[in-house]
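Model the full assembly from the supplied sequences, consistent with the hints where possible.
Mapping of the sequence shown onto the numbering used here: residues -13 to 395, in sequence order.
Do not rely on the hints blindly, as some may be mistaken.
Computed Cβ-Cβ distance ranges for the label pairs, DEER-style [said to hold, decoys possible]:
(1) E110 x R158: 20 to 26 Å
(2) E335 x E(-4): 47 to 53 Å
(3) A(-8) x P166: 33 to 39 Å
(4) A140 x R203: 24 to 30 Å
Hints are computed from structural coordinates only; laboratory data are not their basis. Ideal placement from N, C-alpha and C gives every residue a C-beta, glycine not left out.
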Amino acid sequence: MTERDAGVDEAVAAAFRTEWGRIVATLIRTTGDWDLAEECAQDAFARALETWPAGIPDKPGAWLTTVARNRALDRMRRAGVEAAKLREVAALPGPDAPAADDSGIVDDRLRLVFTCCHPALPVEARVALTLRTLAGLTTAEIARALLTSEPTMAKRLVRAKHKIRAAGIPYRVPAAEALPERLDGVLAVVYLLFNEGYAASAGEVLIRRRLCDEALRLAGLLVRLLPCSETFGLAALLLLQHSRRDARVDRHGRLVTLDQQDRSRWDQEAIDDGLALLERAGGEGPYALQARIAACHATAPTARTTDWRRIVDLYTTLLEVTGSPVVALNRAVAVGMAHGPQANLSLVEELESSGDLAGYHLLPAVRGDLLERSGRLDEARESYARALALATNEPDRDHLRRLIAHGRP
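Dropping the structure here:
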């Protein structure tokens, strides 16, 4: 690949990060056709790869929007769409001129989130559809994020789009009185969007930054749109986790566990902003509780000074609120840190026997860590090997290989 080709690829990738969701969301609003919007956006980016070697446009977003709009017009004309709809698409404004609706929200991407999170759709479909249309994740990436198979996810996306068309689900932010009941699904979308980016491999840095930045942006919009305990809690949680981004991998791209991270590399500005939002959160909702746990780590000068007993208490409350087996596993880790590995090995083994986390690589990884801390090295390596067989993220796989070969650092 020549330097020029690399520059074009980088420019297209950068435009995808910033413009995909905007283009798709706006085309959905104007055409009412989800598949058409995605296909025309894809065509625009494919066209960019073909034509930008001759010169990258000064305003890539406007160029892509124009190409996608023209492609949509061509498709609609061939399909015999009525003239009024064609005029609406032809008048599509550029990315710097968003249109407001009676909700007062001028961001098409936020409208898209609330449309995807309509209560007529199953929760899993709401999350998957938004990850597909807003962030441009592939079906395989969404399946990995939601711990399901790719064929299952593909069917889920098709059903969700059909449901939107058949039920006439409107493309808008709901009225103020309906916002609270729609919020849980929206928060779940934003949180999973962040987690998918945060867990991306070192070779997917661009994807990771794009998803995390998009989640942080949406969380900020939600705080302004609907300021309440859980929107403040989610925004605080994302900022506190995001503050550790640069310390999570070393210069070789290898995973660095929380207790081994160089805390001087944590983003203090993000920590301060997160703590300020957390002060406004109050309540004991799941995101506010998780933000308090993240704050325990963010405010500890060293790993050894972390208040693990406080974290155990917070996880206990969070488990009562959510009943999540992942939360139960995290609580077990905290119990081990607070009281020693023998205190929580039985908790982890109970989770293994329940089958609730079958296929979740962190369960045998945690068990391996506890066994190693207890001096049961052969059993620890066996657990790490099981975790390695399940892990799909390359930094996690590399970390597990090093644990099998050398043990904890």
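Verification of the supplied hints:
1. A C-beta distance of roughly 23 Å is found between E110 and R158, which places it inside the suggested range of 20 to 26 Å.
2. Between E335 and E(-4), the C-beta spacing of about 48 Å keeps the proposed range 47 to 53 Å intact.
3. Against the hinted window of 33 to 39 Å, the Cβ-Cβ separation of A(-8) and P166 comes to about 48 Å, which falls outside the hint.
4. The given range of 24 to 30 Å is respected by A140 and R203, whose C-beta atoms sit roughly 28 Å from each other.
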